[in-house]
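**Q** Read off the chains here:
Protein chains: 2
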Amino acid sequence: MKESYAHYIDLNYKPRKDDMICLFYVEPAKGVSMKEAAAAVAAESSTGTWTEVTTMKKRIMKMSAKVFDIKGHYVKIAYPAELFEMDNVPEILSSVAGNIFGMKEVENLRLVDNDFPKVILKRFKGPKHGIQGVRKIMRVKKRPLLGTIVKPKLGLHASEHAQVAYNAWIGGCDIVKDDENLTSQKFNPFEERVIKTLEARDKAEEETGERKAYMANVTAETIEMLERVDFVRSQGGKYVMVDIITTGWSALQTLRENSGRLIIHAHRAMHAALTRNKKHGISMLAIADFARLIGVDQIHIGTIFGKMHGSKKEVTTIDREIREMIIKPGEHKLAEKWENIKPVFPVASGGLHPGHVPKLVKTLGTDIIIQMGGGIHGHPDGTTEGAVAARQALEATMQGISLKKYAVDHRELRRALEKWVYKK
Amino acid sequence: MKESYAHYIDLNYKPRKDDMICLFYVEPAKGVSMKEAAAAVAAESSTGTWTEVTTMKKRIMKMSAKVFDIKGHYVKIAYPAELFEMDNVPEILSSVAGNIFGMKEVENLRLVDNDFPKVILKRFKGPKHGIQGVRKIMRVKKRPLLGTIVKPKLGLHASEHAQVAYNAWIGGCDIVKDDENLTSQKFNPFEERVIKTLEARDKAEEETGERKAYMANVTAETIEMLERVDFVRSQGGKYVMVDIITTGWSALQTLRENSGRLIIHAHRAMHAALTRNKKHGISMLAIADFARLIGVDQIHIGTIFGKMHGSKKEVTTIDREIREMIIKPGEHKLAEKWENIKPVFPVASGGLHPGHVPKLVKTLGTDIIIQMGGGIHGHPDGTTEGAVAARQALEATMQGISLKKYAVDHRELRRALEKWVYKK
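Here the protein sequences line up with chains A and B, keeping their order. With numbering that gives the first Met the number 0, letter number 4 in the first sequence gets 3, and the count goes up by one each step, no holes. With numbering that gives the first Met the number 0, letter number 340 in the second sequence gets 339, and the count goes up by one each step, no holes.
This is chain A alone, in the form it adopts within the complex (with noise of 0.2 angstroms):
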């Protein structure tokens, strides 16, 4: 092993209290030991380089990483808080998932899960709702909630927009958001959407006697956000939502401080960049570590089946986490309560239809939201139909009930099933 390196693995570390564990996958390079690869991510992700430098002190070195246990491909390393700007996420992540992803010395490196010490936990706030919140808030004691997306994602105008979020809300949607990609656009401009549809929601909201909500796409740079976060709130908004992979770690900070009580819905476009390779990138745990602790209400997990990629396996582990408060990864224990910081709120969305209900409740449980796009506004009788099934959906399962038992007297539930399931 290089003299640089060799000091940052020790088997016999036992973590201290004030460590944060970081569990990696690592593939060493060709002619690299699994020791040398992991002492190499322990150094660059803390206090060394590749080489020794004459700038070095006893002092320092007694604040490095350290490689403290290796299973297989699995190594764990604990970073004393020390070496952190304990409330800075893109700090930390520049430090834990920063130049070693490029390292020689790895062929392929996964940053897995994260175990948070008490004394950076502290340093956050966390939901301001969490799942609790969120319910209270939208008067939905236990099933899950139900959401769509605006459909096309691009190209309606504001009153088209807010005319199908009507329709979807009055079938039995809780919840309307915008898709990823729609912010203020010629064709949508962001203050006139929220206007209108703000309009639509009050009407649903007076018409069914049920709370409604609307999550506008806030996804801008920062200044521009912010504004509009005080726009939805000048409006009587709920809910914003933001993409926040592409917006970034540093913006959604700033987004959570200056938010009031609105409730944050994260958006995830673009993890799959870093999650999909199972060998390499970062982990959608990790992601979903980082959004918690920073504080958003809500966060996309994925859908074990439709539209996109993503095993039954991660999915639940996810959502395990984010719900339970514990880091608890299949395999590989990282256990932790996470003190102060509430759990959020999972939401299941990607190519699902009402069939898909019984499966999602049976695999998620009913603390989710469950969020139909195309499932409902490709109903064949329309968005309100599509929503009607389901709600419907929802009820069936709930009750316990099989969904083509209750379609037979539920008419739009089962002209979603024949278009959907049946013909399949």
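There's no promise every hint is true.
Have a look at the derived ranges for each label pair, beta carbon to beta carbon [what the hints assert, rightly or not]:
(1) A/Arg210 - B/Gly235: 53 to 61 angstroms
(2) B/Ile136 - A/Glu198: 25 to 33 angstroms
(3) A/Arg210 - B/Lys124: 40 to 48 angstroms
Simulated from the structure, these hints should not be mistaken for laboratory data. The structure presented is a predicted model; accordingly, all values stated were derived computationally and were not measured. The beta carbon of each residue, even a glycine, is placed where N, CA and C say it ideally should be.
Go by the hints and put chain B onto chain A.
**A** Okay, now just chain B, sitting in the frame of chain A:
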């Protein structure tokens, strides 16, 4: 092909002048044709979804993205600019680099390159200074600029940090930068570091008669970052550096708009989580495109050799693009002049030492910034001697003399070569 995707491919389509063109590498999932996979990408990244929806309109179909070229695994898609909020980088990325990486229809997918139409280029200011502007400020006309990163990357106190910087400057470095994960930790708080390091800079300028610069790492939550930017300005700093990937695109746009005449240096920590797998994710070329569009003045492009992985071809392609203002990746030409947008100064960094200089200049030319961290502070005689050696390597290279020959009567260079070159 699914009906809902068929509309998104037209191999006879001729891109219009306002179209943004993206080049993707596409590997279809098993059982999916290349055409269907490509069309699925175009659909999900513009106006489509997995099923036909009743809310679609003819007008909207007309503004859809189109697959117009497929060669092997390489697919070109044209996006009408009206789809985008044209000055909102997170929005553009949520479209062309959003959900698509997770789609079932693809096994692997990579955004390789972008070609921005004039109508989008005009919405951005690009770099404030670029190569020529930075050269003017630094008063260095032809040779590469020489930079160092203070090492060890974490742990030095502010006064130690300033001393190491001073030692590097008087040895011959033009620029000294913080490392990517040094922001404002307890052991080295931002303001104290900036004050002391800029004092050291002034002293070094006076003693050497050369311009010297300090790149303070302002990576943080957006508002805090802007405060740090203001602080650097108030103290007479000329530069800030930021980790563009962990900070994120929203805050980078904010930084560009709120940093006066400060030069912006872009560090790319975490990029390899996205860029390293050649079949999936986002290329460094595409990332550099967006960074240039927003307006960083300098950006890390890798080293060809050194501690980081990165093929020679990839590095030279990125370099050519950001310097020549032309998109021209090896096999796949998407050539377009960059209108009003200045070229970015490419930074070679990561595991470099004086022995690398001739090859770097031969491959990348002289319009580069060469950064050595360990390659300077790891010099057997210390930081100043390390900087002298690096500067000697530059002198030799600019005069067309081999390092071996130049080292005969340049002791510092000889000592560096003895450590890193001759012994190998």
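**Q** The structure should be examined with respect to each hint, and the outcome stated for every one.
**A** Here is what the structure says about each hint:
no.: 1; hint: A/Arg210 - B/Gly235: 53 to 61 angstroms; in the structure: holds, 55 angstroms
no.: 2; hint: B/Ile136 - A/Glu198: 25 to 33 angstroms; in the structure: violated, 53 angstroms
no.: 3; hint: A/Arg210 - B/Lys124: 40 to 48 angstroms; in the structure: holds, 44 angstroms
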